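Engineer: Chain by chain, the residues:
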Amino acid sequence: MLELSHVSFAASDGDAHKEILNDVSLKVNERFVAITGPNGSGKSTLAKLIAGIIQPTEGKILLDGEDITNLSVTERARRGISYAFQQPVRFKGITVKDLVSLAAGRKITVSEACTYLSEVGLCARDYIDREVNASLSGGELKRIEIATVLARGTALSVFDEPEAGIDLWSFQNLISVFEKMHERTNGSILIISHQERILNIADKIVVIANGRVEREGTREEILPNLLAGRICPAFGA
Amino acid sequence: MDQLEQMLLMQVADLHKVPDGAYNIRKNGEADGRKSTPHIRIKGRKDGKSGIDIFVSGETKGESVHIPVVITKTDYRETVYNDFYVEAGADVLIIAGCGIHNCGVETAEHSGIHTFHIGKGAKVKYVEKHYASGDGNGENVMNPATAIILEEGARMEMETTQIKGIDSTVRETSATLAAGAELIIREKIYTHGKQFAKTDFSVDLNGEGAGADIVSRSVAAENSRQEFEMRINGNEKCHGHSECDAIIMDDAHVTAVPALAANCVDAELIHEAAIGKIAGEQLLKLMTLGLTEHEAEEQIIKGFLS
Numbered sequence: 001m002l003e004l005s006h007v008s009f010a011a012s013d014g015d016a017h018k019e020i021l022n023d024v025s026l027k028v029n030e031r032f033v034a035i036t037g038p039n040g041s042g043k044s045t046l047a048k049l050i051a052g053i054i055q056p057t058e059g060k061i062l063l064d065g066e067d068i069t070n071l072s073v074t075e076r077a078r079r080g081i082s083y084a085f086q087q088p089v090r091f092k093g094i095t096v097k098d099l100v101s102l103a104a105g106r107k108i109t110v111s112e113a114c115t116y117l118s119e120v121g122l123c124a125r126d127y128i129d130r131e132v133n134a135s136l137s138g139g140e141l142k143r144i145e146i147a148t149v150l151a152r153g154t155a156l157s158v159f160d161e162p163e164a165g166i167d168l169w170s171f172q173n174l175i176s177v178f179e180k181m182h183e184r185t186n187g188s189i190l191i192i193s194h195q196e197r198i199l200n201i202a203d204k205i206v207v208i209a210n211g212r213v214e215r216e217g218t219r220e221e222i223l224p225n226l227l228a229g230r231i232c233p234a235f236g237a
Numbered sequence: 238m239d240q241l242e243q244m245l246l247m248q249v250a251d252l253h254k255v256p257d258g259a260y261n262i263r264k265n266g267e268a269d270g271r272k273s274t275p276h277i278r279i280k281g282r283k284d285g286k287s288g289i290d291i292f293v294s295g296e297t298k299g300e301s302v303h304i305p306v307v308i309t310k311t312d313y314r315e316t317v318y319n320d321f322y323v324e325a326g327a328d329v330l331i332i333a334g335c336g337i338h339n340c341g342v343e344t345a346e347h348s349g350i351h352t353f354h355i356g357k358g359a360k361v362k363y364v365e366k367h368y369a370s371g372d373g374n375g376e377n378v379m380n381p382a383t384a385i386i387l388e389e390g391a392r393m394e395m396e397t398t399q400i401k402g403i404d405s406t407v408r409e410t411s412a413t414l415a416a417g418a419e420l421i422i423r424e425k426i427y428t429h430g431k432q433f434a435k436t437d438f439s440v441d442l443n444g445e446g447a448g449a450d451i452v453s454r455s456v457a458a459e460n461s462r463q464e465f466e467m468r469i470n471g472n473e474k475c476h477g478h479s480e481c482d483a484i485i486m487d488d489a490h491v492t493a494v495p496a497l498a499a500n501c502v503d504a505e506l507i508h509e510a511a512i513g514k515i516a517g518e519q520l521l522k523l524m525t526l527g528l529t530e531h532e533a534e535e536q537i538i539k540g541f542l543s
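Chains A and B are the protein sequences, given in the same order.
Residue 178 in this note's numbering sits at position 178 of the first sequence, and the numbers go up by one each step.
To get this note's numbering, take the position in the second sequence, counting from 1, and add 237.
Please keep in mind that the hints were generated in silico from the structure rather than gathered at the bench.
It is possible that part of the hints are untrue.
Unchecked claim - Using 27 Å as the maximum straight-line C-alpha spacing, the simulated DSS-like pairs for lysine-lysine come out as follows:
1. A/K107 - B/K362
2. A/K92 - B/K401
3. A/K92 - B/K474
4. A/K60 - B/K357
5. B/K357 - A/K107
6. A/K92 - B/K539
7. B/K362 - B/K431
8. A/K92 - B/K357
What the hints assert, rightly or not - Computed footprint of chain A on chain B; a stretch qualifies when at least three of its residues, placed anywhere within it, have a C-beta under 8 Å from a C-beta of chain A:
9. 508-522
10. 527-534
Please read these numbers as outputs of a predicted model, since none were measured by experiment.
Note that the Cβ used here is the ideal one computed from N, Cα and C, for glycine as well.
Taking the hints into account, I'd like the entire structure generated from these sequences.
Structural biologist: Given below as structure tokens:
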């Protein structure tokens, strides 16, 4: 279980400090937790704090009871946290198979790599030897990014807006990827999303606004209000 | 041949045994084996210079020639001239390379001067690897010079790699292309310590429809220095592309000097150059997969130079 206890984060902008997250406490124990909220509310910051890419200015982060607040990205990854980037990173010369192998933490066979790639709807044969570089489209990179998280198979997988930068057709497929993931995961999935269809899969929804947890609860409790625009008019399917 | 020499041969020519096809193995300045085939003849030079002439007949299809050089002496310098005459219509793979193991304190130096005369419509793939090792403080120096003359419709693909151990290298490659000829060069360089590597490409696109594509990828680590000069002259309707992509680390220095000269209104020439450190995002991504920063760096470099 992941637990955030009174976590705050302030970014310095010259002399000024901008409070981005303010006293956020949160438990992630369910199979599928969605975090949503308007742009600029601090959702991506939260994901980065969990992965260890940035450090909180206050508060603690616990994984299965262990305080991981001061652990590096590498140490957290090794303890079972995976993080899918909102903007997948490109690498010259590193192939899709290399990257999936690195994610799995061992040399994997072509057929293993293919399994992960077909999970995210890529025809593996066409991709396995391609470089993870600018020749791949945004949607393809996104799926490969998700495949790296699948290959890790860790207890906690964090996805930062997987739908960002994906065309509508790819989006349909992406939803089914997450539906499948929800069925099969042995751990927890934490996903930051604006999309109703992703929120629809969630066991728990957390609404972040102005750097605070504004509401949290089951899908049944939160979603109807969100859709009616009673919490934030920025939402909508 | 002893183990050390075998190791060097493996590094530069992937040779585990005597190669199939034609070969010439040069060891510390002396011939250590030579074989011609019905299509590929290797002969000593007649002009008194050190080196060989290689004649590839037009009937050659899918054959290979290995011409590795091995040096295991210290305080040794040589300049070797190898001339290739590839007849029209031939299709050949040429594997050259130089391995130096210098365990003394003096310099070991090899300068290979290669000239390729490639006939009409012939296809050549040329693979060149440079490697050096040693446990002394002797310098390992290699200064390869390659001149390429491509006749109409000829094609040459050159892969040149210098990954380890060369303390100083100045590599000069020049090419002239006739109509419809094509030149592809892929260069990979890794330098570290106090090494210095300079490469200088100069290509003349003289015929209509000639094309050149030159890509150099390099990593400069520690206190090493690299210099790149790339010049493409478009003298006819042609297309030329050069790219220099360098990762810089630690206290290294990299200079890239691209030059394009269009002497014809239909010459299409492009140059791309980028020098920069490893992107922080790339390191982060691999760290989220459980790699340490150092391991991430290694993987990125390995991929970049693969």
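Engineer: Compare the structure with each hint and give your call.
Structural biologist: Against the structure, the hints:
Proposed proximity of A/K107 and B/K362 is contradicted: the alpha carbons are some 32 Å apart, above 27 Å. Our distance criterion of 27 Å between C-alpha atoms is met by A/K92 and B/K401, whose separation comes to about 21 Å. A hinted pair counts as satisfied when its Cα atoms are at most 27 Å apart, and A/K92 with B/K474 does not qualify at roughly 31 Å. For a cut-off of 27 Å, the pair hint linking A/K60 to B/K357 is broken: about 72 Å separates their Cα positions.
Pair hint B/K357 plus A/K107 does not hold up; C-alpha atoms about 46 Å apart against a cutoff of 27 Å. Distance restraint check for A/K92 and B/K539: the Cα-Cα separation of roughly 10 Å lies within the 27 Å cut-off, and the hinted pair is therefore satisfied. Distance hint between B/K362 and B/K431 is unfulfilled; the C-alpha atoms sit about 32 Å from each other, more than 27 Å. Of the supplied pair hints, the one linking A/K92 and B/K357 is violated, its CA atoms being roughly 35 Å apart against a limit of 27 Å.
Requiring three or more residues with a Cβ within less than 8 Å of a Cβ of chain A, the coverage given for the stretch 508-522 of chain B holds, as 5 such residues are present. Requiring three or more residues with a Cβ within less than 8 Å of a Cβ of chain A, the coverage given for the stretch 527-534 of chain B holds, as 4 such residues are present.
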